[in-house]
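Chemist: These are the residues of each chain, in order.
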Amino acid sequence: MAKIVSLPEAVAELVRDGDVVALEGFTHLIPFAAGHEIIRQARRDLTLVRMTPDLIYDQLIGAGCAAKLVFSWGGNPGVGSLHRMRDALKNEWPMPLEIEEHSHAGMANRYVAGASGVPFAILRGYAGTDLPLHTPTISSVTCPFTGEQLAAVAALNPDVTVVHAQRADRAGNVQLWGITGIQKEAVLAAKRSLVTVEEIVDELTPVPGAVVLPSWVVDRVATAPKGAAPSYAHGYYDRDNAAYRKWDAISRDRASFTSWLEELKGSAA
Amino acid sequence: MAKIVSLPEAVAELVRDGDVVALEGFTHLIPFAAGHEIIRQARRDLTLVRMTPDLIYDQLIGAGCAAKLVFSWGGNPGVGSLHRMRDALKNEWPMPLEIEEHSHAGMANRYVAGASGVPFAILRGYAGTDLPLHTPTISSVTCPFTGEQLAAVAALNPDVTVVHAQRADRAGNVQLWGITGIQKEAVLAAKRSLVTVEEIVDELTPVPGAVVLPSWVVDRVATAPKGAAPSYAHGYYDRDNAAYRKWDAISRDRASFTSWLEELKGSAA
Amino acid sequence: MSTDSWTADEMMSVAAARSLREGQVCFVGIGLPSVAANLARRLHAPNLVLIYESGTIDTKPDELPLSIGDGILADSALSVVSVPEIFNYWLQPGRIDVGFLSGAQLDRFANINTTVIGEYDEPDVRLPGSGGAPEIAASCREVIVVMRHRLRAFVEQVDFVTSVGHGSGPDDRRVLGLRGAGPMKVITDLGILEPDPDTAELVLTAVHHGITVEQVRAETGWTLQVSADLRITAPPGEKELTTLRSLRTVGAAS
Amino acid sequence: MSTDSWTADEMMSVAAARSLREGQVCFVGIGLPSVAANLARRLHAPNLVLIYESGTIDTKPDELPLSIGDGILADSALSVVSVPEIFNYWLQPGRIDVGFLSGAQLDRFANINTTVIGEYDEPDVRLPGSGGAPEIAASCREVIVVMRHRLRAFVEQVDFVTSVGHGSGPDDRRVLGLRGAGPMKVITDLGILEPDPDTAELVLTAVHHGITVEQVRAETGWTLQVSADLRITAPPGEKELTTLRSLRTVGAAS
Chain A
56 MAKIVSLPEA VAELVRDGDV VALEGFTHLI PFAAGHEIIR QARRDLTLVR MTPDLIYDQL
116 IGAGCAAKLV FSWGGNPGVG SLHRMRDALK NEWPMPLEIE EHSHAGMANR YVAGASGVPF
176 AILRGYAGTD LPLHTPTISS VTCPFTGEQL AAVAALNPDV TVVHAQRADR AGNVQLWGIT
236 GIQKEAVLAA KRSLVTVEEI VDELTPVPGA VVLPSWVVDR VATAPKGAAP SYAHGYYDRD
296 NAAYRKWDAI SRDRASFTSW LEELKGSAA
Chain B
56 MAKIVSLPEA VAELVRDGDV VALEGFTHLI PFAAGHEIIR QARRDLTLVR MTPDLIYDQL
116 IGAGCAAKLV FSWGGNPGVG SLHRMRDALK NEWPMPLEIE EHSHAGMANR YVAGASGVPF
176 AILRGYAGTD LPLHTPTISS VTCPFTGEQL AAVAALNPDV TVVHAQRADR AGNVQLWGIT
236 GIQKEAVLAA KRSLVTVEEI VDELTPVPGA VVLPSWVVDR VATAPKGAAP SYAHGYYDRD
296 NAAYRKWDAI SRDRASFTSW LEELKGSAA
Chain C
2 MSTDSWTADE MMSVAAARSL REGQVCFVGI GLPSVAANLA RRLHAPNLVL IYESGTIDTK
62 PDELPLSIGD GILADSALSV VSVPEIFNYW LQPGRIDVGF LSGAQLDRFA NINTTVIGEY
122 DEPDVRLPGS GGAPEIAASC REVIVVMRHR LRAFVEQVDF VTSVGHGSGP DDRRVLGLRG
182 AGPMKVITDL GILEPDPDTA ELVLTAVHHG ITVEQVRAET GWTLQVSADL RITAPPGEKE
242 LTTLRSLRTV GAAS
Chain D
2 MSTDSWTADE MMSVAAARSL REGQVCFVGI GLPSVAANLA RRLHAPNLVL IYESGTIDTK
62 PDELPLSIGD GILADSALSV VSVPEIFNYW LQPGRIDVGF LSGAQLDRFA NINTTVIGEY
122 DEPDVRLPGS GGAPEIAASC REVIVVMRHR LRAFVEQVDF VTSVGHGSGP DDRRVLGLRG
182 AGPMKVITDL GILEPDPDTA ELVLTAVHHG ITVEQVRAET GWTLQVSADL RITAPPGEKE
242 LTTLRSLRTV GAAS
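Residue numbers (our numbering), protein chains in the order written: chain A, 56 to 324; chain B, 56 to 324; chain C, 2 to 255; chain D, 2 to 255.
Check each hint, because a few of them may be wrong.
In silico SDA-like cross-links for lysine to any residue, where the CA-CA straight-line distance does not exceed 25 Å [said to hold, decoys possible]:
{"id": "1", "chain 1": "A", "residue 1": "K58", "chain 2": "C", "residue 2": "R22"}
{"id": "2", "chain 1": "B", "residue 1": "K246", "chain 2": "D", "residue 2": "R218"}
{"id": "3", "chain 1": "B", "residue 1": "K145", "chain 2": "B", "residue 2": "K246"}
{"id": "4", "chain 1": "B", "residue 1": "K301", "chain 2": "C", "residue 2": "T250"}
{"id": "5", "chain 1": "C", "residue 1": "K61", "chain 2": "A", "residue 2": "V262"}
{"id": "6", "chain 1": "A", "residue 1": "K58", "chain 2": "C", "residue 2": "L79"}
Residues of chain A placed beyond 10 Å of chain D at every Cβ, according to the derived structure [as the list claims (entries may be wrong)]:
{"id": "7", "residue": "I59"}
{"id": "8", "residue": "S61"}
{"id": "9", "residue": "P63"}
{"id": "10", "residue": "D100"}
{"id": "11", "residue": "M106"}
{"id": "12", "residue": "K123"}
{"id": "13", "residue": "A226"}
{"id": "14", "residue": "I255"}
{"id": "15", "residue": "D257"}
{"id": "16", "residue": "K301"}
{"id": "17", "residue": "D303"}
By construction, these hints were calculated from the structure, which means they are not laboratory data. Virtual Cβ for every residue (Gly too), placed ideally from N, Cα, C.
Please model the entire structure based on the sequences and the hints provided.
Modeler: Put into structure tokens, the structure is as follows:
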């Protein structure tokens with residue numbers, strides 16, 4: 056059963072130095088508040104997993120929390136590059152960053168395998184591309200019925216998955232809707248999970264297209280109103296596109312990033 | 056794009072002698088009306104695929120439509136056995152019936168593989184059971200990352216899948232809700248598909264838990280009000296439990312079944 | 002029927018219900034398991050999480066479902082998912098505490114047969130088949146079997162292994178890669194059998210109130226071992242019986 | 002800007018929109034492909050089915066999404082599915098007619114690079130990476146590439162094969178088991194390139210109105226072959242231009 060705690064408590068209890076941590080949310084419901092709390096609590100040597108590392112991972116990387124990045128598309132959507140990620144890769148600032156790179160289909164299937172309790176997934180993917188040359192978690196298997204060769208990817212089972220949702224009930228059952236992305240799989244694949252929510256309600260009334268995560272597959276629920284901003288929470292607030300554009304300028308140089316970081320550390324969750 | 060036609064037209068156009076045909080619906084939304092039309096049109100040598108062959112397959116088997124049955128649980132839910140299926144297996148009446156038998160998890164994954172365009176699926180299943188001795192579509196693969204051995208099942212790609220849904224819009228987009236079972240996978244795995252619906256509406260308003268099948272993955276839509284009876288259509292009518300119990304008596308002997316069959320053939324779709 | 006007397010089936014359902022603990026997550030088959038699980042939820046385990054293979058998660062039906070996919074299961078569920086999802090995401094990874102099964106035949110290693118009596122190709126009786134049982138038996142943290150104790154059903158060796166119990170001995174599940182503990186209790190209308198920790202063979206650990214060991218042996222097709230500290234199941238209490246008797250099945254005549 | 006003149010980007014978007022046919026099912030990447038697909042839907046293909054990798058199926062956004070998972074895509078979709086489902090059930094089986102891609106580098110066999118410029122381990126420029134592109138390129142019935150024609154982008158051989166076009170020749174896709182036909186058109190701001198049926202090498206089949214073959218060659222990093230029946234793209238019509246210019250991006254200043 057999920058325990059409902061404060062966000063600082065939840066991060067303190069669940070996220071440990073050296074963990075494989077997935078913060079998921081496909082453009083929508085990105086758990087920024089939780090990511091910021093991880094920065095405030097100065098976690099180190101994390102392997103950060105995420106299909107689309109965007110601002111939140113640029114921030115975690117710049118803050119020195121990450122030793123490795125597992126991903127399939129790293130950019131500032133609609134704006135450009137992730138400058139902190141680039142700086143870490145090219146100049147090892149603030150520290151070296153190892154990468155493990157997949158396609159979206161590969162990453163999605165890795166989470167599916169993880170959620171399903173099997174060690175790998177098969178897909179039609181990667182054939183002819185250069186990715187398998189650099190990524191050891193890509194292999195192949197032969198169909199025992201047709202002899203056909205398919206790509207195989209290793210299951211992803213993060214130590215901790217963090218997602219943001221619209222709401223939870225008092226028992227800790229979680230409900231999210233809109234673009235639900237890979238969140239269900241990421242939570243089910245994880246050893247531990249934290250869900251931040253816009254609000255806690257008495258009852259989860261049904262919503263079209265909603266995904267429900269039962270309390271007993273979630274370890275901690277923490278309220279974090281506007282916890283997905285500057286991304287958005289369907290039905291609650293819109294994406295702050297200006298903030299995404301503004302990040303491009305902040306992140307371009309180490310000084311402006313560092314003052315942003317100091318300001319974040321000085322603020323409360 | 057789905058064409059909206061009458062049920063007799065749809066069956067005439069899509070279902071051919073010798074086809075592999077899946078009529079799906081997990082207890083809920085079982086396409087009885089379509090099955091009855093297949094009987095009326097006297098299709099022969101069908102390979103009938105269904106996770107839970109119940110009354111509708113008992114009827115198709117008794118009517119002599121089937122040469123083979125692919126399934127994972129064959130019974131009259133809550134009542135007992137399928138007498139026409141037993142009679143075909145034991146006494147080849149009205150004709151011999153070959154079987155290919157799986158577990159639910161295996162069948163579900165076979166449809167998933169079919170819907171996903173891959174030739175097989177992996178699962179933790181069948182280990183230690185006697186099913187693999189009798190079912191050639193069960194095999195095994197070795198994980199290229201861990202060396203672990205997992206069960207493999209061959210993809211299912213029916214020639215035709217038939218499902219029943221609550222409603223469609225005039226463009227042929229289909230919406231179903233409640234227990235949605237394996238219907239999406241069964242339709243997406245099929246070469247051709249027919250959806251019978253309770254009604255055709257101007258607009259598909261969102262419904263919690265609904266599955267939507269876009270018009271362009273459906274070949275024919277036919278209205279068949281009460282087309283799932285005696286099973287049920289969530290939000291439209293309840294399961295006719297008495298009819299399920301009554302079938303036990305009707306199907307027990309060939310004479311009473313035959314008069315039931317003659318009556319069905321004399322009725323219109 | 003007064004609460005001073007009860008049927009053997011009632012005793013079985015009550016004993017099965019008692020075996021479930023509050024807050025457990027339970028994968029329920031239809032029939033006897035469903036009765037017992039819903040009874041437990043109304044007695045000592047109001048937060049028992051019931052999952053049915055039709056895809057209904059944390060369902061709280063007012064009445065007993067007649068079939069595994071009754072509408073009442075969807076209406077009262079926290080979440081309804083697809084059939085592939087229920088097997089792949091929920092059952093397979095081992096996140097379910099208890100799998101509740103029944104069968105037509107059970108053997109001394111708690112292997113279960115729901116496929117055929119006799120030879121597979123020329124069966125004496127064709128049974129419904131596997132359904133979700135093989136993977137429930139494989140993947141739940143533990144399995145509880147509920148079935149009526151009859152000589153024709155409790156056999157030395159099942160005619161067909163539909164669902165693996167303990168195979169042919171204590172190490173078989175590990176060798177087969179089955180991650181759950183397998184059947185830890187077989188609850189019948191006569192008593193309770195549990196696997197011996199050393200041999201994995203089912204031994205009689207309890208007889209129900211008023212039942213003798215001889216009665217149980219007479220209905221068991223192998224030389225049944227009896228536990229040194231054989232317990233006697235407490236008879237159904239008044240609340241247990243009245244609750245059980247108040248359970249209505251959907252669509253049944255009242 | 003009057004409709005008597007237009008930018009090269011506008012010509013490119015209009016040419017790309019024209020390449021889509023009514024009723025096709027189109028898997029759309031963000032940026033130039035999204036502009037072109039949404040333009041086509043407002044012009045000659047009102048029933049074009051747009052699918053974005055965020056899981057939105059048959060979406061009809063009023064404004065252009067800024068990112069692949071904008072709320073406007075979910076709000077206007079016939080159906081929103083999970084990310085694994087969009088790749089496994091919808092893209093992978095080959096049920097999508099057209100995949101619409103862009104890239105940082107493209108080579109003479111229409112292989113696409115969105116990963117790195119330079120060496121993988123010591124790149125000159127680190128690009129965003131694969132996203133959905135490799136499997137879009139593999140599985141759609143055909144692929145249309147939309148990208149600006151620049152010498153640094155149209156290279157003899159891409160530094161990294163993120164998404165396979167025609168590999169190194171006409172038989173490569175078959176050998177690799179890629180079931181779609183691959184890139185059948187590369188639409189740039191200067192003209193249109195199509196693979197030669199015999200060699201699979203991209204040849205210039207059209208230049209846009211006002212563009213010369215020499216201009217195209219100057220921006221192409223291999224010895225570009227020119228089709229014997231080179232066409233000239235009709236200039237953007239008034240309706241095309243006014244519609245394109247009326248497309249607003251979500252959250253942009255008007």
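Chemist: Checking against the hints above, which ones are violated?
Modeler: Hints 2, 3 and 11 are the ones this structure does not satisfy, whereas the remaining hints hold.
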